[in-house]
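Participant: Could you build all of it, start to finish, from the sequences and the hints given here?
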Amino acid sequence: MNIKMLVVAFQPTYKALTLSTTQDKDSAVRSLVGRFAAGNINLQLGHFLSQRDIDAMREKVCKYNFAD
Amino acid sequence: MTPAQTSNIEAIVTLFDAAERKIKAVELLTNNLSIPAINELRYVGYHLARACSEEDEQEANSHLEKAKGHCKRAIYDAHEIGILYMLKHIDTFKQEYTSHAAFVLGAIPSYTEKLAQSSKAVQFISEMRKKHRDSRDDYYLECAPHYETLQDFVGLLTESEPLISAHITKQIEQDQKDTRRFIIRTCLTLLSIVLVIIGGLFFS
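Those sequence lines, one after another, are chains A and B. For the first sequence, this note's numbering assigns the number 1 to the initial residue and increments by one for each residue that follows. For the second sequence, this note's numbering assigns the number 1 to the initial residue and increments by one for each residue that follows.
Fair warning: there could be bad hints in the mix.
To be verified - Computed, partial: chain A to chain B, Cβ under 10 Å:
# : residue
1 : Leu-43
2 : Leu-49
3 : Tyr-64
4 : Phe-66
Calculated directly from the structure, the hints in this document are not laboratory data. Beta carbons are placed, not taken as given, at the ideal position from N, Cα and C, and that holds for glycine.
Facilitator: Dropping the structure here:
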């Protein structure tokens with residue numbers, strides 16, 4: 001039996017998704033939430049703010065200087 | 001249920017309603033659903049259920065107070081997200097039009113004053129982050145004026161942006177025209193000098 005042919009036949013078209021960076025993980029989480037969310041269009045689109053997102057936004061905004 | 005508890009529940013309903021409306025308004029403003037604010041409302045439900053099932057009056061009152069606190073936190077969180085989003089918008093605008101201050105001031109005379117108010121909002125957020133993160137329910141009324149001021153300012157910026165852009169485009173066109181005129185004038189001057197020199201050589 002030619003195993004090599006079987007391996008080629010069952011080889012996935014795309015390689016398994018590797019979540020190496022934080023951004024990859026974040027987008028995977030968002031797409032997962034979007035897949036299972038119902039009743040809210042923003043959630044379905046993966047548009048939501050987690051505590052971590054808000055903390056990062058706050059950190060950035062606190063450095064703003066409108067005085068100069 | 002005692003009359004005091006009934007009035008407490010009525011207060012919670014009013015606060016819950018305000019929180020819900022603000023969360024929706026901020027969701028429409030930012031196109032993002034705020035999970036922490038909704039999480040606070042989840043706790044309100046939990047404490048209300050516990051208060052209703054509690055036989056001990058003191059314990060029920062304590063749950064009602066906690067529910068009220070979570071409502072206030074939800075209101076604060078919703079306002080805060082709106083404030084953060086609008087400050088980001090203002091900063092982007094400021095960076096983009098920093099070299100065209102004259103046009104901006106022409107379109108929005110109160111621009112500097114509004115920027116000073118935005119600075120106060122930054123200061124408020126910064127202070128809350130450092131000192132009162134866990135007692136933010138006590139400050140839920142203080143964030144509303146900042147939110148409204150910034151909302152007015154962002155509205156003003158959005159309305160004035162096309163006008164400012166039109167002025168900038170007009171100025172760029174005028175600059176290009178002036179540059180073209182200068183180049184043509186210089187070329188003509190050089191050409192006439194060359195012609196005078198050639199004419200001088202020819203007739204001498």
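Participant: With reference to the structure, classify each hint as holding or not holding.
Facilitator: To see whether the hints hold, each was checked on the structure:
{"no.": "1", "hint": "Leu-43", "result": "holds, 6 Å"}
{"no.": "2", "hint": "Leu-49", "result": "holds, 5 Å"}
{"no.": "3", "hint": "Tyr-64", "result": "holds, 5 Å"}
{"no.": "4", "hint": "Phe-66", "result": "holds, 4 Å"}
Hint check: no violations occur; every hint is consistent with the structure.
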